[in-house]
Each structure stands twice: as structure tokens, then as C-alpha cells.
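Asks: Going letter by letter, the sequence shown gives residues 2 to 311 in the numbering used here.
Check each hint, because a few of them may be wrong.
Claimed, not checked - DEER-style ranges, computed between Cβ atoms:
#, residue 1, residue 2, range
1, Asp117, Asn192, 47 to 57 Å
2, Asp286, Leu161, 34 to 44 Å
3, Asp117, Gln188, 43 to 53 Å
4, Ala89, Gln186, 31 to 41 Å
5, Ala129, Pro216, 31 to 41 Å
6, Glu293, Ser102, 43 to 53 Å
7, Thr280, Glu244, 19 to 29 Å
8, Gly199, Gln291, 46 to 56 Å
9, Gly72, Glu171, 54 to 64 Å
10, Asp207, Glu171, 27 to 37 Å
11, Leu161, Asp117, 38 to 48 Å
Derived from the structure by calculation, the hints contain no laboratory data. Please read all numbers here as calculations on a predicted model, not as lab measurements. The beta carbon of each residue, even a glycine, is placed where N, CA and C say it ideally should be.
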Amino acid sequence: MKAVFSTRIWLAAALLAVAACAGPGIELPPEVPVDGEEADRDPAPVPPAWFGGESIYRVGVGDVLKVTVYGEPDLSGQFRISPEGTIAWSWVGDVPVAGRSETEILEKLRAILIRDYIRRPRVDLAIAEYHSQVVYFFGNVRNPGIRRLGDNRSLLANFLQTGGPRIWGESEIGILRSQPGSDRQDQITVNLQALLGGEQDIFLQDQDIVTVSAPDGAGAFTGEERVYVLGAVNSPGSFRWVERMTALDALLAAGGLDEHASGNRARLVRGEGEEKTETRVFLRDIVGGQREKNFSLLPGDLLIVPESWF
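Can you make the complete structure from the sequences, with help from the hints?
Replies: Written out as C-alpha cells, the structure reads:
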């Protein structure tokens, strides 16, 4: 009996010694819960919005593809996606690529070569320039304006690339998201401190409008009466609305159109929810003197000026 007891003591001591020596590279067996304990545990938290967006980048108009076909220099090079969604691939001709991922385009190019030209082609593909998908940052950020979405669609990564907040403190980030083919607009709210701690990151989508509130200020979707000018202008941001304010007034407050602006494809977003409307406006014509196209703004109006690459 003494021998058995001594053996048990020795085994217990050995196990304690192993546990004490276990460094970060050694994983000890998980604790086995007693009956009923597992059911009482809270489930692991799920990020609120790896919500509504896919992580895969799908190319669009203006993006540039780098194609390499080994042994075929005439088929290799950089090709910009046209307004029709195609690339002019050397002597092969126009190839539709818009809306596809890198992998899907690579498979398509290889299939074309195998079918018509080369028995065993070696093809590489990369996205050389990102232009087709953009998001808009304004509010409490160091560098407000347009950010082009690349293969990293993380809110945290793109926010940090704007330089982060101008004023540090407890803040909210609001994302206004339009649903393609629908009048519905989603409002997503993220706590800045939680985002920086890696707890509330989300995937951004094309045309998301990201507003960062100042500490101790109003929330991301509330505040005094303001209008917003975003996109291809020299000083994007929000501006205090005044009586009889016009689109030209707001554009001048935002520093005017920048060199890449497609002013006659600008959009006026007015209202919320079922009352929201989007109207094309001709800011280039207004700036050029066609004042009959100017119009009055209302509190909460949003002017979005896209870029042009053609």
C-alpha cells in the first residue's frame, strides 16, 4: 500500500514539473468540463459584421491587370479594364473580366489560350492598380477623402491608412452602406476603441461612407444641421448648413473639384430609409457657369463626386 501511495505522489510531482516547464511552444491538454459546465459557458463572440461583405476583391472599370504569359512577350503586360468591363489582350482581342476575382480571371485566360492558341500555357496574373472600388472617410480622421479598396477590405486597415483619428478618445465610427439594386441603406456603428483592440473589425464595401465622430461629441449619425461633400474634391468633409445654401456653395467650401473629378457624374443623396433619393447632378457644368443647374441644399444632404480614369 505504501508503494502504491509513493508511486502516486511521484506521478503527481512529475506532472506538476512538466506543467511548470511548459513554455509557449507546448500546449497542455484542455481542461475537461464537468457535466453541465459547457452548456453554461457563453459562446465565443462573433465580430458583428464581417457582416454583409465578401473578402474577395472583384475587379472593375479602371483597375489595371498585370498579365504574364511565359515565353509570349506579346501577351504579357499591363491592361486597364475599359468602361465596357473588358481588357484588350493584345492579338487575342477583348476579354470580359469585370466582376471576377483574380483566380477566376486567371482560369479564364488560361482556358482561352488552351482552346485556341497554346497547348500548355504558363500564366501569372496580379492586380497592378486598384481604382474601381472606393470608400469615403470623413469626420475625426487625419486625412479625410477617398480611399481605394484593394485586396485588404478591413475597416481597421483602411482607417489606419488615413492616419487614424485627429483626436484620440472614446469615439464612434458610423458606416452608411447602400445596398446595390435597393433603396435600403444600412447604418453600422462601431466603437473606435473596440476596433483598435481588434474586436469589431468589418469588411468594407464599395461606396461605403465612413464617419468618425469626435470624442465627447455627437454620435456618428447625429449632430447639428450639416451637409457633406465627399469624393474627388480638394477638402472633403462636412459643413454647417445655412439658409439658401446651394450645391455650388458646398462645393466651394470643399475646395472645388480636384484634377481627377468627374463632376458631371456627381450624386446628391437626400433623405433616409424609404425617403432616401439619389439624383445625378452636373457640378462641372455648374462651376462652368450654367447656374440654372445649381440647386438649394437641405440639412443632411450628401454630395458624392466620383473620379474619372478615362
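Asks: Checking each numbered hint in turn, tell me which of them this model violates, lowest number first.
Replies: none
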